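Enquirer: Same order as they appear, the protein sequences are chains W and Y. Under numbering that gives the first Met the number 0, the first residue of the first sequence carries the number 0, and numbering increases by one thereafter. Under numbering that gives the first Met the number 0, the first residue of the second sequence carries the number 0, and numbering increases by one thereafter.
Do not take every clue at face value.
Said to hold, decoys possible - Derived contacts from chain Y toward chain W, CB cut-off under 7 Å, selection only:
#1 83
#2 91
#3 104
#4 118
#5 182
#6 183
#7 184
#8 421
#9 493
#10 495
Just so you know, the hints here were simulated from the structure itself, not pulled from any lab data. Predicted model only: the values in this text are computed from it and were never measured. Positions of the beta carbon are idealized from the N, C-alpha and C atoms, including for glycine.
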Amino acid sequence: MRGLPPVLITAIVLVAGFALCAMQFPNIASTRVVGNLLTDNAFLGIVATGMTFVIISGGIDLSVGSVIGFTTVFVALAIERWGVPPLVAFVAILALSAAFGAAMGAVIHVFDLPPFIVTLAGMFLARGASFLLSTESVPITAPVYSTVSDFALRMPGGGRLTAVAIIMLVIVIGGALLLHLTRFGANVYALGGNRATASLMGVAVGKMTIKIYMLSSLLAGIAGIVFSFYTSAGYSLSAVGVELDTIAAVVIGGTLLTGGQGSVIGTFLGVLIQGLIQTYINFDGTLSSWWTKIATGVLLFAFIALQQGLVALARRPVAKSMGAAS
Amino acid sequence: MENSRDPAAPLLEVRGISKSFGAVRALQEVDFTLRAGEIHALLGENGAGKSTLIKVVTGVFPRDAGVVRLGGEEVAPRSAKAALGAGIATVYQEVNLLPNLSVAQNLFLDRQPMRFGIVRDGEMRRRARALLADFGLDIDVAAPLGNYSVAIQHVTAIARAVDLSARVLILDEPTASLDRHEVEILFRIMRQLAGRGIGIVFVSHFLDQVYEISDRITVLRNGRLVGERETASLPRLELIRMMLGRELAETTSARASAGEHKPREVCASFENYGKTGYVTPFNLELRHGEVVGLAGLLGSGRTETARLVFGAERADRGQARVEGAAVRLHSPRDGVRHGFGYCPEERKTDGIVAELSVRENIVLALQAKRGLHRPLSRREQDEIARRYVRMLDIRPADPERSVGLLSGGNQQKVLLARWLATSPRLLVLDEPTRGIDVGAHAEIIRLIRELCDDGLSLLVISSELDEIVTYSDRVVVLRDRAHVEALAGEAIDVGNILAAIAADGAAPAHGAHA
Ligand SMILES: Nc1ncnc2c1ncn2[C@@H]1O[C@H](COP(=O)(O)OP(=O)(O)OP(=O)(O)O)[C@@H](O)[C@H]1O
Ligand SMILES: [Mg+2]
């Protein structure tokens with residue numbers, strides 16, 4: 000329903016891109032490659048789900064990359080240096096990131112500050128804090144890590160659906176359900192439509208803002224844990240710039256950067272498109288990996304132009320008037 | 000009703016409310032009393048403080064002083080949500096809905112029917128359809144609200160508030176963008192609700208409607224209470240005096256200057272002009288010094304005609320001429336270049352730039368017309384702003400005030416001023432007097448005549464037939480997106496216009512949709 004046409008376009012781009020890649024490198028069309036793609040981009044899919052909520056509500060969250068970085072360092076230190084059981088470390092960091100997001104949301108609402116500024120401050124804060132904890136990469140050797148890394152569902156064709164990929168898929172589906180089927184989700188769209196109006200209509204705008212940034216930071220925390228599984232280390236410089244990849248995925252997925260429209264499924268497709276470009280470059284072998292950025296940039300530009308076009312079309316009052324006598 | 004200890008006790012009691020915005024004292028010790036089951040009109044000039052009172056009572060603005068009692072108990076809501084929780088449902092003056100959400104979502108936002116934490120979409124749509132059916136509306140409730148006209152959006156906002164079945168229902172200028180038929184439906188529903196003991200506050204500048212629907216009237220002037228009266232025992236002239244604090248200068252209800260007919264040159268003409276699926280091709284000649292009125296029901300093609308004439312919509316057939324020369328009108332820019340001005344119906348939401356000052360808003364179109372390389376000097380700007388603030392009696396008369404802080408009616412005057420400042424040859428006005436108080440209303444009609452005498456050509460859309468009759472030299476009647484009748488001279492009267500609207504047996508039925 001809402002936001003479907005842009006999502007369709009994203010889907011078409013993904014399918015067409017996949018077909019093109021598969022023509023050049025037939026091996027791409029295998030569950031093995033697809034499984035890897037999902038694994039490699041699991042953390043991105045998770046943060047991007049949270050970012051979708053934020054952007055639809057008319058905000059932005061620049062702190063997610065830093066929260067991921069902080070999470071990896073915190074988890075690594077907690078397990079390896081402080082001797083905390085991994086599960087307790089996970090719960091603690093998730094509580095901490097949720098609180099961090101809630102605080103940013105509260106500041107945005109109470110002081111009526113632009114989310115851009117507040118989350119930019121949050122970004123520096125979280126990154127700085129992770130440097131305070133450790134400036135070196137801390138390897139994680141806890142047994143859970145190898146267990147989780149080894150776990151995978153076999154897919155036909157030899158592909159592996161890893162634990163982190165499964166976590167990502169569950170979060171994407173959960174996020175989609177939350178956004179499209181619940182009252183909370185409807186309020187997210189309402190906020191993105193117009194904050195003042197939503198407030199006059201009785202939406203608890205303050206609480207919603209806090210919850211939305213809390214959700215985003217919480218998912219960034221989960222993404223950080225997933226990232227630490229993926230790299231088996233904690234490093235304060237990890238996930239630098241991920242917030243921008245995330246925003247790109249959300250926009251390519253058809254979410255309006257100005258809020259009010261979008262979908263989690265679209266974001267997921269946007270993540271896959273970025274993953275596909277990366278995969279293509281890996282297969283090619285001669286291209287610099289920076290081509291990923293260039294290709295993403297081009298796509299981003301194309302999608303924003305497209306959305307502006309669609310918005311302009313929608314604004315045109317076609318059959319805007321009420322039919323009078325039939 | 001629950002614990003109403005004393006049946007005669009007022010439902011909503013407002014005592015000694017004061018509210019200042021910086022130096023502006025918007026409300027000073029205002030009292031207001033609403034009884035259960037009554038329809039109470041809250042009246043006053045533009046900027047008198049009606050909307051502010053409503054927002055203070057419902058907690059949107061914090062109050063400086065005073066108490067509010069609901070059913071005898073003191074309440075102090077701190078947000079619209081809290082007011083709703085206490086039992087006060089409000090349709091604020093700005094159409095406050097969300098164009099990006101579906102109609103159904105708008106109707107049920109934050110109170111959707113749920114099962115296991117999941118919104119029951121089908122059930123919600125079914126209820127939305129049923130709710131709108133009461134208002135004679137049969138539309139696709141799953142479509143985004145923004146796809147529909149301002150009128151439908153307004154009806155949706157009202158339907159939402161009505162459905163909240165609160166104890167108090169506040170409607171701030173609900174009828175400003177509705178046509179007669181919709182107003183009748185709204186009134187029927189208001190009476191039903193009042194019959195159930197709900198107290199209704201009704202704000203309007205249409206005195207006919209006030210006399211038709213209200214039991215009691217409270218008048219504010221300059222942020223102070225003037226008085227509360229029974230509608231039945233308050234003569235209209237007395238009411239106007241209460242509102243204005245003076246007599247209304249003789250309303251020009253008689254057709255002005257009907258005698259001196261000076262056939263002047265054609266300013267703009269449209270031959271066989273139209274757009275498929277939008278407006279049936281029409282012929283229209285607009286002369287200098289002449290007012291042409293467009294009459295018809297909502298959706299009959301009036302606004303569509305105006306948009307084609309201005310270039311806001313692109314015609315796909317026919318020829319437009321300006322001063323005899325064939326021209327292309329493909330965009331509003333073309334319209335402006337040929338000296339056209341257009342004050343749209345949605346000006347409340349579309350036209351004003353709330354953050355800019357009154358002066359900046361007024362010179363906006365003029366500056367755009369002159370181009371960026373010929374900026375207006377500050378002195379010229381001040382001069383222009385001051386002139387129009389005086390001419391249209393914009394209050395407060397401070398050109399440096401942000402437009403967003405003006406009352407709704409005064410914002411509209413600013414928009415009118417913007418187009419007047421461009422000294423257009425042709426000015427298209429869509430519902431120019433909606434939301435404007437009785438005093439200013441007469442002023443604007445006088446202004447329209449004056450502009451005309453200066454050689455301006457005017458195309459005016461209005462649902463107020465009395466008003467159209469007052470200032471038009473010719474009236475074009477529309478029906479079903481076609482120009483069906485043109486009246487001129489003595490033939491212009493309300494009866495003839497109504498007859499043309501309802502001609503060929505098609506009574507002005509409504510609610511059916513093509
Ligand atoms: N947010 C605000 N900030 C500053 N001044 C305001 C604000 N809102 C309203 N005012 C001022 O308060 C006064 C009362 O405005 P209000 O909107 O209540 O008038 P109103 O009676 O509703 O008029 P109208 O019939 O035009 O809607 C006006 O002088 C207006 O400029
Ligand atoms: Mg008002």
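Enquirer: Please go over all the hints and tell whether each is borne out by the structure.
Expert: Here is what the structure says about each hint:
| no. | hint | result |
| --- | --- | --- |
| 1 | 83 | holds, 5 Å |
| 2 | 91 | holds, 6 Å |
| 3 | 104 | holds, 6 Å |
| 4 | 118 | holds, 6 Å |
| 5 | 182 | violated, 14 Å |
| 6 | 183 | violated, 14 Å |
| 7 | 184 | violated, 13 Å |
| 8 | 421 | violated, 23 Å |
| 9 | 493 | violated, 19 Å |
| 10 | 495 | violated, 18 Å |
The structure does not agree with the numbered hints 5, 6, 7, 8, 9 and 10 stated previously, though it agrees with the rest.
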